[in-house]
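A.B. asks: Kindly generate the complete structure, drawing on both the sequences and the hints.
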Amino acid sequence: MTGIKHHLNDALLMAYSAGTLPEAFSLVVATHISMCDDCRAALAAHDAVGGALLEDTAEVELAPEALDKCLAAIQALPPKGPIKLPKSMTNGSAPRSSVFPSPLAEYVKGDVEDVNWRSVGLGVRQAILPTSKEASVRLLYIPAGAEVPDHGHHGTELTLVLQGAFRDEFDRFGPGDIEVADPNVEHTPVAEAGEACICLAATDAPLKFRSILPKIAQPFLRI
Amino acid sequence: MALAHKTTMERPLDMEWVSVMLAIRDRQDTAAFARLFRHFAPRIKAFLIKSGASDTLAEDCAQDVMTTVWQKAHMFDPSRASVATWIFTIARNRRIDMLRKERRPEPEELPWGPEPEPDQADVLMLQQESEKLQAALIQLPEKQRILVERCYFGDMSHSEIATQTGLPLGTIKSRLRLALDKLRHELKQ
Ligand SMILES: [Zn+2]
Ligand SMILES: [Zn+2]
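First to last, the protein sequences are chains A and B. Counting in the UniProt record's numbering, the first sequence runs from 1 upward without gaps. Counting in the UniProt record's numbering, the second sequence runs from 1 upward without gaps.
To be clear, the hints were calculated from the coordinates, so they are not data collected in a lab. Some hints here could point you the wrong way.
Said to hold, decoys possible - Derived CB-CB ranges, DEER-like:
1. H39(B) - D37(A): 28 to 36 Å
2. E186(A) - L57(B): 41 to 49 Å
3. Q189(B) - E169(A): 35 to 43 Å
4. R38(B) - A41(A): 40 to 48 Å
5. A193(A) - L13(B): 52 to 60 Å
6. E106(B) - A127(A): 15 to 23 Å
7. P64(A) - P141(B): 37 to 45 Å
8. S19(B) - P130(A): 42 to 50 Å
9. G194(A) - S19(B): 51 to 59 Å
Stated by the list, open to error - In silico DSS-like pairs for lysine-lysine, Cα to Cα no more than 27 Å straight-line:
10. K50(B) - K133(A)
11. K173(B) - K5(A)
12. K72(B) - K69(A)
Claimed, not checked - To give an idea of the chain B side of the interface with chain A (calculated C-beta under 10 Å), a few residues:
13. D14
14. H39
15. R175
All figures in this text were calculated on a predicted structure; none of them were measured in a lab. By construction, the Cβ of each residue, glycine as well, lies at the ideal position given by its N, Cα and C atoms.
C.D. replies: See below:
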């Protein structure tokens with residue numbers, strides 16, 4: 001996808017490459033990389049650092065019989081069948097147009113029309129996706145022109161735009177753009193006029209809403 | 001010296017591992033696999049122990065990872081990764097399974113190009129770059145190098161490293177940034 005202006009930073013790429021991000025964040029990172037060739041290339045470079053470290057690390061010997069055990073294990077594997085091509089390349093028909101890249105589609109078990117939306121008021125809808133508890137990730141549907149209440153962050157928040165666009169005090173975020181907000185950031189994202197904005201948002205701590213109502217609503221809505 | 005340097009750049013050691021890997025991929029060559037195993041399995045085991053696995057668990061998982069290398073050999077693309085990098089990603093995924101017991105969402109696979117075999121020039125360039133990166137990593141100041149290794153091998157977030165080392169998070173972040181800048185600088189040479 002071209003025209004992406006806001007990318008993953010080095011800290012996120014390194015943590016994803018090292019395998020230390022919570023699952024919810026990994027989902028947002030993997031979804032952005034699926035949409036962004038620049039970050040895909042940057043990830044390859046971070047993986048290469050991992051490879052160089054592996055090459056350079058001091059060896060720890062295995063048991064003397066380890067190689068023989070492993071050779072026996074691979075000999076016992078069933079013979080390889082023909083290599084499977086991705087479905088979209090084998091069924092001949094053009095892939096249906098989809099909003100969700102494959103890592104996200106796996107969590108939703110489908111595309112936009114399959115999301116189990118729940119209203120959170122003022123036309124905004126969300127769907128929390130199942131991940132490990134360290135952090136949470138949700139899809140947000142914000143009607144054109146609507147705003148997400150003004151809030152700060154206790155932890156890190158990643159917001160990836162899948163469709164439409166939003167603006168906040170800092171910039172405009174369109175399809176494929178990712179906003180990384182840390183505890184110092186307070187903002188009020190507003191969906192642009194025209195198309196509803198669909199985002200994938202992950203947080204490792206509850207959001208801090210400034211107005212009274214969302215503060216009461218927050219525990220109920222699990223925002 | 002200049003000549004020796006030129007020779008290694010023409011045929012980097014990483015290209016040797018590429019041929020070993022292709023022998024496994026294309027001919028199911030078990031002798032090639034044994035060679036790969038002797039070199040990489042002890043490094044994978046070291047990586048897993050540094051991530052917090054016991055000796056027994058690390059031993060079993062290192063064997064598992066090598067079995068996966070054999071099974072997934074058809075997915076190895078030498079124009080995208082060195083053999084060490086590719087094995088690192090398999091070992092890392094195995095570690096997430098084993099220690100964190102959670103899923104790791106992976107980016108969508110790129111659609112396959114029209115040519116099944118990558119261009120030799122691309123392969124050579126990628127493998128040369130990966131050797132350069134290797135050399136640059138060894139040259140990093142010790143504090144930076146140790147920190148980079150902790151990030152990749154320690155199974156710890158940057159703030160967990162801050163807690164464990166007693167260093168402020170800001171220091172950790174800036175040290176990592178310096179390390180990455182230095183690696184990037186070396187790759188541009
Ligand atoms: Zn990007
Ligand atoms: Zn926010």
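A.B. asks: Answer holds if the nearest beta-carbon of chain A is closer than 10 Å to that of H39(B); otherwise answer violated.
C.D. replies: 9 Å, holds
A.B. asks: Given the hinted pair K72(B) and K69(A), is their alpha-carbon gap at most 27 Å?
C.D. replies: 19 Å, holds
A.B. asks: Holds or violated: the 15 to 23 Å window for the beta-carbon distance between E106(B) and A127(A)?
C.D. replies: With a Cβ separation near 21 Å, E106(B) and A127(A) satisfy 15 to 23 Å, so the hint holds.
A.B. asks: Hey, does the R175(B) contact hint survive, CB to chain A under 10 Å?
C.D. replies: At about 12 Å, which exceeds the 10 Å cut-off, the nearest Cβ of chain A leaves the hint on R175(B) violated.
A.B. asks: Just tell me: holds or violated, for the beta carbon distance of A193(A) and L13(B) against 52 to 60 Å?
C.D. replies: Given range 52 to 60 Å: holds, Cβ gap about 58 Å.
A.B. asks: Could one say that the CB atoms of E186(A) and L57(B) fall in the range 41 to 49 Å?
C.D. replies: 45 Å, holds
A.B. asks: Okay, R38(B) versus A41(A) on CB: inside 40 to 48 Å?
C.D. replies: 32 Å Cβ-Cβ, so the 40 to 48 Å window is violated.
A.B. asks: Could you grab the alpha-carbon distance between K173(B) and K5(A) and see if it respects the 27 Å cut-off?
C.D. replies: 23 Å, holds
A.B. asks: What's the verdict on K50(B) and K133(A), does the C-alpha distance respect the 27 Å limit or exceed it?
C.D. replies: Between K50(B) and K133(A) the Cα gap is close to 25 Å, so the pair holds against 27 Å.
A.B. asks: CB of H39(B) to CB of D37(A), is that within 28 to 36 Å?
C.D. replies: Taking Cβ atoms as reference, H39(B) and D37(A) lie about 32 Å apart, which means the hint holds.
A.B. asks: Can the hint on D14(B) be confirmed by a CB-to-CB distance to chain A that is less than 10 Å?
C.D. replies: Result: holds, 9 Å to nearest chain A Cβ.
A.B. asks: Given the hint of 35 to 43 Å, check if Q189(B) and E169(A) actually sit that far apart at their C-beta atoms.
C.D. replies: 41 Å, holds
Violated hints, listed in ascending order, are 4 and 15; each of the other numbered hints is respected by the structure.
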